[in-house]
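Q: Please construct the entire structure, taking both the sequences and the accompanying hints into account.
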Amino acid sequence: MSGPLQRQTARVRSDGTHEGFLRHASFRWLKIAGGISLIALLGYMMIDVQPRHNGGSWYGYTLGTIGVLLILWLSMLGVRKRKMSRGHWSLKAWTSAHVYLGLSLVVIGTLHTGFQLGWNVHTLAYVLMLLVILSGIWGIIAYTNLPRLMSANRDQTTEAQMLASLRSIDRQLHDAAQPLGQEHAALVQASLDQDPFGGGIGRRLSNRYPGCMTRYAHEQILQVTGSQPRVDDDPLEKVDSLLGRKRAILARTRKHLQLKALLEIWLYIHVPMTFALIAALIAHIVSVFFYW
Amino acid sequence: MTETYRIAIIGSGSAGLSAASRAAALGLSHVLLEKTDHLSDTIYKYQKGKHVMATPSQLVLRSDVDFAAGKRETILGIWGDQIAGHKVNVLYNSEVKAIDGEQGKFALQLTDGTMIAAETVVLAIGTQGNPNLMRCPGGDLPHVQYTLDDPGAYIDEHIAVIGAGDAGIENALGLAADPEQRNAVTIVNRNPEFTTAKDANIKALMAARDAGRVIVRTGTTPSLVEPGFITYDTPDGELKVRCDRVIARMGSAPPRKFVESCGVEFTSEDRVAFPKLSPTFESTKPGIFVIGALAGYPLIKHCMNQGHDVVEFINGNVGLKPADEPILEAKFRDLPGHKNVDEWLEYLRSNISILNGLTPLQMREFMLDSEARFYRGGEVIFERNDPGSSLFSIASGSVEVLLDPDDHAKTVPIAAGSIFGEVGLISGRRRGATIRAREDTICVEISRTAALKLQSSVPAATRAIERICTERQLLQFFGSGLVPEDLVDILDSYEILTVSAGKPVISEGDEGDDIFVIRQGSMIVEKKVGGKNVFLSYLPAGSYVGEMALIGSTRRTATVKAAIKSEVIKLQGAAFKALLTRKPQLLARIKTDMASRQDLNSFVEAKKDSFSSVVDMYSNVANFLVENGIGEATDVLLIDENLCVGCDNCEKACADSHEGLSRLDREAGRTYAHLHVPTSCRHCEHPHCMADCPPNAIHRGPDGEVFIDDTCIGCGNCQRNCPYGVIRMEAEPPKKPGLLSWMLLGLGPGPGEPSRKWSYKNADPQVEKAKKAIKCDMCSGIEGGPACVRACPTGAAIRVSPERFLTVARLDGDGD
Chain A
-7 MSGPLQRQTA RVRSDGTHEG FLRHASFRWL KIAGGISLIA LLGYMMIDVQ PRHNGGSWYG
53 YTLGTIGVLL ILWLSMLGVR KRKMSRGHWS LKAWTSAHVY LGLSLVVIGT LHTGFQLGWN
113 VHTLAYVLML LVILSGIWGI IAYTNLPRLM SANRDQTTEA QMLASLRSID RQLHDAAQPL
173 GQEHAALVQA SLDQDPFGGG IGRRLSNRYP GCMTRYAHEQ ILQVTGSQPR VDDDPLEKVD
233 SLLGRKRAIL ARTRKHLQLK ALLEIWLYIH VPMTFALIAA LIAHIVSVFF YW
Chain B
506 MTETYRIAII GSGSAGLSAA SRAAALGLSH VLLEKTDHLS DTIYKYQKGK HVMATPSQLV
566 LRSDVDFAAG KRETILGIWG DQIAGHKVNV LYNSEVKAID GEQGKFALQL TDGTMIAAET
626 VVLAIGTQGN PNLMRCPGGD LPHVQYTLDD PGAYIDEHIA VIGAGDAGIE NALGLAADPE
686 QRNAVTIVNR NPEFTTAKDA NIKALMAARD AGRVIVRTGT TPSLVEPGFI TYDTPDGELK
746 VRCDRVIARM GSAPPRKFVE SCGVEFTSED RVAFPKLSPT FESTKPGIFV IGALAGYPLI
806 KHCMNQGHDV VEFINGNVGL KPADEPILEA KFRDLPGHKN VDEWLEYLRS NISILNGLTP
866 LQMREFMLDS EARFYRGGEV IFERNDPGSS LFSIASGSVE VLLDPDDHAK TVPIAAGSIF
926 GEVGLISGRR RGATIRARED TICVEISRTA ALKLQSSVPA ATRAIERICT ERQLLQFFGS
986 GLVPEDLVDI LDSYEILTVS AGKPVISEGD EGDDIFVIRQ GSMIVEKKVG GKNVFLSYLP
1046 AGSYVGEMAL IGSTRRTATV KAAIKSEVIK LQGAAFKALL TRKPQLLARI KTDMASRQDL
1106 NSFVEAKKDS FSSVVDMYSN VANFLVENGI GEATDVLLID ENLCVGCDNC EKACADSHEG
1166 LSRLDREAGR TYAHLHVPTS CRHCEHPHCM ADCPPNAIHR GPDGEVFIDD TCIGCGNCQR
1226 NCPYGVIRME AEPPKKPGLL SWMLLGLGPG PGEPSRKWSY KNADPQVEKA KKAIKCDMCS
1286 GIEGGPACVR ACPTGAAIRV SPERFLTVAR LDGDGD
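Here the protein sequences line up with chains A and B, keeping their order. Per my numbering, numbering through the first sequence is continuous, rising by one, with the last residue being 284. Per my numbering, numbering through the second sequence is continuous, rising by one, with the last residue being 1321.
Just so you know, the hints here were simulated from the structure itself, not pulled from any lab data. All residues carry an ideal CB built from backbone N, CA and C; glycine is no exception. Honestly, I wouldn't trust all of these hints.
Beta-carbon label-pair distances, calculated as ranges [to be verified]: (1) Met1122(B) - Leu34(A): 42 to 48 Å; (2) Trp1247(B) - Asn137(A): 50 to 56 Å; (3) Leu1252(B) - Thr57(A): 32 to 38 Å; (4) Lys247(A) - Trp1247(B): 46 to 52 Å.
A: Printed below as a string of structure tokens:
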């Protein structure tokens, strides 16, 4: 490639605009975190601590101090995200550092234990830390895979628009069902009465709504209309097509809510676990120094 | 011929009426000649029930006939009564065919053969008899009309009103007033802004547009009229729509032939030029006076005052000062040198090139909207980055432009007669450089609106401003040590072309060696590769194209077409080539640019086989972005939906950085190939929002951001004018408790924009906060830059300037 074009490309690149948090600054924090882990591991192997490696040795204390400071700093991401202060900081850089340094805690924390685990508050803190990290890994996987699905599913419509079109269809259904007989009107009424997204977090995450009255009503009415010739002014045909549209919008909205929930649900483990971890850490540190 | 009248007044419009009644009050022998069988034919022909306005409001009415804003019928009634009461001598059905003779013994020949003798003649015939005609093909068809008597007479029609002056707007509103008539009314304004109409009319039109009663097309001209259809040239390309009737209200010009036959000279050869007049309204033919619209004054109040004054002058009261004299006196009070108002007006008019074409009367009106300023040598007139959109013209002395903010020795002088500050006029940007007076200097500061008005009413001024602007733009665009003298040849042959969206200025494979400089808007460069158009690059205003064919003596190597409606300066290839031989520095610079463009071309050629699908994808994305207004953007927020997790932290950060209100809607907007253009300000090159801001509160900041200042009155014009829907009208919500109180104690609504419910509940009942327009200001003044980008946890939100983003070099980044 020739000179000026390279310059141009370099300029576009150097804007640093189009890198995700994982690739941020050419994997800067992956390199740093990897380096820290490697040094910790080498230190563990090279330094001969007597009688053996454990949390109470000078090396163990060093790793423990680094670990606890890291945990406290990592939990500050929640504050950084919400505190819109001035200055040249980038939340993307913070996220990148959070991810890689958080992963390095697996090495630092494990080495700190000296592989001495048991049924005590110390191991509780360790297990909680691993749970936080595991939920974080789940989050990374969700963040790398789900956004494009969500974008494709919503196809330029916003959540508010989806809900608005549902309401509008419901109004039309209500009007269109007036001339129907008792049996069919009851089906439509059931579809209107039901909260189509209700049923708890399980339904939301699995996107399975077995008791969906809209689907049921549509299937029932299809059995009638499917075998009849299409007549334009037949109210049942109109309800049929409205129910069909409602099902399509419901499918998209439910998929949207599912993906949104999947993008958020891990945080409901990650964040409370972090608080539990910090509490366990306090107990761990206090007990270590109390019983010294 | 029996009696010789002291004064013969031709035309019984507001000017003539006022003159005649003054003559009657003074007991002068007079005659008022009216061509029709009723008084004031122009107002008589106004549409029924039209509300007649009394502007300018600061002007005092000085006439024996009353006038106040009201219905057409009421005003005509009052005038009829008062003319009768004053015992004015009116001759109806008396159209004057010719005026012969000299002062003291004029002979007026009427069309019915009657001769009338008069010592002096007052011409108050207006301009309505000579409307400006439709010049596009089909403009002479029978369904094109130039007046509208009764808007109630048309039903079920598609009507196009051409021209958005007061007459056009009133016609359009009249035709659309009654929904029962079921008219589909479109009003067409050739300018992007409404420059000539009264404020109240513009507001009413905007309201009608928002109510869906009238379609308003700005920046549009009719290009073809056919029976049943009209074709418009719009900013977005050509558009053919149904049209049963065309009402052309594009102003009118003085009935020049008749006036000249009386011996009266005009100021210039322009079709819309006015007669040369003395400060007492006397024309070049002694004894013939001209007042009213024919003198360049279309407003009723002015006309009536002039009618009063001209009779006083004829009666020997030459010391009489016009009604606006005190206002002008105050404006000139602080200038050095003891001149009276008339002397000052003449001094400014003759010394400032762009004002040369004005009549003394137009000059008077012009100065009412402008300010005369005096600066001592060395005094700074304005600083770089000051807000300001006014145009300055130098009457005496000279100023200097400080080229380098750090080195005050680097200056360029601007001499008397010229102008400066014209950039603010065009794009609403902040001042680009500091200007200092070199010596004691007198300037006229022309407000943006006054300058636009000047340009729309005096073609000579438009041309003078345009030439100076073009010269400066070329100097700025090309740099390389050029001086104004180098451009003389080029400026003698340049042309300014308006290019509609999608139209090419250069087509690949064509012959031609002209250079095009993009003055306004933006262009995209495309090249045909393997039968498909590949998007090569995006050129913002200030770029130039066409150098490859000129220097390489080849055919055109790529197609350059307008992304949005644009203006280009076309420079003759030969003249430009001559300049290049004289200026090797410029040649060297252009060759460097050319080399990088050629590399781009060959890069695309090389890629076409291996990555044709990538090239396709890139072209499609680029076209999608241009369609979504990126073509006129200077800085735009994009969201990579491969990364966006929908946390809306960008919106929350925006709200928390700006008084608790978010200026962007992440989810809304178009998406293509996972590239999402959210509803957020694009900071357009020529902001639509700026077009019609009554307090002039929208400006462009030093970093190119378009922002609204505190003087916003909440009228909502900008919100309506923004084609991208990025402006909100909101009242500032109450202050939230701090982040810690929320995190630890659960106080307040948390980060981001508070809900309406919370704002309402926590609002201070003592203070009523008005809704104001809010929009993205690119976080100007906030250290660290745009909050939306800083606060994005995954790097999905990016801000880009289109010329950096829309280059084929991106292929490398996206190709993986």
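Q: Work down the list of hints and note, for each, if the structure agrees.
A: Taking the hints in turn, this is what the structure says about them:
no., hint, verdict
1, Met1122(B) - Leu34(A): 42 to 48 Å, "46 Å, holds"
2, Trp1247(B) - Asn137(A): 50 to 56 Å, "32 Å, violated"
3, Leu1252(B) - Thr57(A): 32 to 38 Å, "34 Å, holds"
4, Lys247(A) - Trp1247(B): 46 to 52 Å, "32 Å, violated"
Going down the numbered hints, you'll see the structure goes against 2, 4, while the others check out.
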